[in-house]
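Full structure from sequences and hints, please.
Protein sequence lines correspond, in order, to chains A and B. Heads up, the first sequence is in our numbering, so the first residue is 1 and it goes up one at a time. Heads up, the second sequence is in our numbering, so the first residue is 1001 and it goes up one at a time.
Because the hints were derived from the structure by calculation, they are not lab data. Bear in mind that the values here come from a model prediction, so they are computed numbers and not experimental data. Using N, Cα and C, we set each Cβ at its ideal position, and we do this for glycine too. The reader is advised that the hints may include incorrect statements.
[Said to hold, decoys possible] Here are the in silico distance ranges between beta carbons for each label pair:
1) B:Thr1039 - A:Met344: 31 to 39 Å
2) B:Pro1192 - A:Ala309: 25 to 33 Å
3) A:Thr146 - B:Thr1039: 27 to 35 Å
4) A:Phe147 - B:Arg1193: 22 to 30 Å
5) A:Gln86 - B:Pro1192: 38 to 46 Å
Spelled out from the first residue to the last, the chains are:
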Amino acid sequence: MTAPTPDEKVAAPKPPTPKFVMPVPVLNRSNGRLIEDRFSTWPQRIFDSKWSLPSYRFGAAMLVAIAAALYATGWLVGELSTRGEQAYSLIFHYGASYGLSPLSVGVIWIALKVIAVLLVILVNGLWSIWWERKISAHIQSRVGPTFAGSPKGRNFHGWAQTPIDGLKLLLKEDITPAAADRWVHALAPAIVIAPCIIAFAPVSFGSQLAAANLDIGTLYIFAFAGISVIGVVMAGWASGNKYSLLGGLRAAAQIVSYELPRGFSIVPVLMFAGSLNLSVIADAQTGFWWGVVPKWFVFYPVVGQIAFAIFLIASVAETNRTPFDIPEAESELVSGFHTEYSGMKWSIFFLTEYAYVLLGSFLLATFFLGGGGAPLPYAPFLLVPSWLWMLAKALLMMFVFLWIRWTLPRLRADQLMDFTWKFLLPWCFANIALAGLYLAFWLKP
Amino acid sequence: MSNQVTNAPSNSPVKTDQLFINLGPQHPSTHGVLRIGLTIEGEIIIKAVPDVGYLHRGTEKLAEVRGYHHCVVLSDRWDYVSAMPNNLVFCLAAEKLLGVKPPPRADALRVVMCETNRIASHLLFLGTYGIDLGAFTPFLYAFREREMILDLFEMLCGARLTYNYIRLGGVMVDVSPEWTARLKEFVEYFKPRLDEYDTLLTYNPIFMSRTKGVGLISAKEAVDWALSGPNLRGSGVNYDVRKHEPYCGYEQYDFDVPLGETGSCWDRYFCRAQEMRQSLRIIEQALAKLPEGPFMATGVAKIPKPAAGEAYAHVEASRGDLGIYLASDGGISPFRMHVRAPSFANLAILQEKLTGMKISDVIALLGSTDIVLGEVDR
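Structure, rendered in structure tokens:
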């Protein structure tokens, strides 16, 4: 064999480049010392090679498995309301055999429902902090919590991060500043979270699945959700910190202002449904146009979309999240009203924030996304029970909340006020008028 | 509500007690240890007094007992976000005293390093300015790219922040072919990222409403208060040391000087965003025609003893016109060194401009001037 000519060299097939290449050590040319090869962590190389990592493939497979397990569970369990009726009759007959009066059985049943709702709020705190951290990480080109709860390196997206964080918060020192008004400072977190828990009573988690089936459910929720602002103002005032005070003042102005568009934006929904009861509103959206498009209020032309957008914006503002997080604007007011809080008191503020996000998500799902109804009238969708659909829609809305938060900058306080009074509120009224026209000419009751 | 903002505070129908708050020295948005004493009425600033000196390390005095080579190390600590121009300006002044002329390859390398470092510095500004206005995501994006530049510098000279790379008479080490390949890879990677920032932050309606028309500095005011760098050019004044008094062969490179229109926070931001594109152009040109030859001039003594005299050199650093005045009495250390730090000069206008603004706008204006406290206090 003769030596190959230059042309043959070019034509020779290149060996396939492996997916993940061990980094070549880089030496410092001035002193010959080894420099860690940081180029293997450059973004384009990480993006190219992420599927070659076993932990990445494991995590993805686990996500698919969890989705499948949820589907199977939903199919096996069926409607939770029927299970609840079975459980109630079981308690009733079992209690009757022990001589319990129907009244005491009723009390036990109400206590069980209260505990269930409390569990929803607490588990939501654990879940949504993890969810927010992972979503924000991936929006920001990071990976977020990865290692917490990983025996032998088989980590699953850092699932144990929030329980461990919660443990840390429990063990942290609870500091009350010397300048603080002790009682008001201690009472403020309770005033913030109590109305939030109470507001969850009429929330429907599926068809016929609510702790209290109230006919004035919508009004009840908005009334109680508005009380939390008193706790926020108390926290700002009692902390003995000027930044906290400014944050409390801003929160009072903001939350009171955004109550209005939030309330008025769902008036068209109430007009279409003809009731304030959340279950009735959800049931009013059953059925399909042309057999495929669900009759959800968000799909009502023009009116539905405007109402949905305004309600979503006002809900984000009610929960003090970016772009409306001026009460706790980190870069301006350090942390606003909860600057001087630590430990569990601080985490109660956070728990409340996430509970309100969950409340807003469930309300969005109930008012606009058809509650527990399936999006398409076909078998694989109809097999899923209503509580699972409700949960899926609420989590989708929660993702929208996070998506908004991690994308947009913050408004200024006066722009925020201009936005609600000069833009959102007029559009609310225009929307109500439009809904009236719909009722008069299209959807004759 | 909006009427109260535009009117002077004394015309406001609502009277409240004045409140004095300390913005800093420990505050998330003062970018270091700047303290601003704010007297506020509601949310409106009545009086603002910037207070500097929390990071004073006395480098100008220290230079009087250090050798010339050691002063380069001191210069790293002024503007620690972009240390290459600091090294460069001291070396230019000292080379004038010593009568040394660096070889062409060293000049080209100095230009490459300064422009790369300018990108890193502007990326830090872009990210932290987003955080100041409540957008957290651009920060991580900007730092992802900034990390790549720091990796490049680490490969080059072993340091990620205080390089000490530009030395009297040249540079510390020559660049390797692998390094230039990595830099070219970065340049190609970085170009589309700039458009990404535009979609994420620059033309975001909320961002524009927070910055356009806020913190207006007219061209006359900018010149009167001796602003320089992007702060001056944001007001529409076309002054760039690289164009007007070219050093290190900047006259060979084809680049534009981006100018703002109204002198608002957004214009200053936009100038910096555009300067990154121009820096990329300069880097590409410099890498394409990198001259061969030595990277260090001959005849620089281990202990330089320049003849008695004085020299002034200034460069367009990332934050503006950075100048060094060096006086020598013939000894082994400078008789006197004075630094004309751009951040310090840019900071002075705040006391006038902050009055009558809202607290949120204080952060917007302070962030847009892009100060580094290491350079303010030196």
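Checked hints:
{"no.": "1", "hint": "B:Thr1039 - A:Met344: 31 to 39 Å", "verdict": "holds, 36 Å"}
{"no.": "2", "hint": "B:Pro1192 - A:Ala309: 25 to 33 Å", "verdict": "holds, 31 Å"}
{"no.": "3", "hint": "A:Thr146 - B:Thr1039: 27 to 35 Å", "verdict": "violated, 47 Å"}
{"no.": "4", "hint": "A:Phe147 - B:Arg1193: 22 to 30 Å", "verdict": "holds, 29 Å"}
{"no.": "5", "hint": "A:Gln86 - B:Pro1192: 38 to 46 Å", "verdict": "violated, 59 Å"}
Comparing the model with each earlier hint shows violations of hints 3, 5; every other hint is respected.
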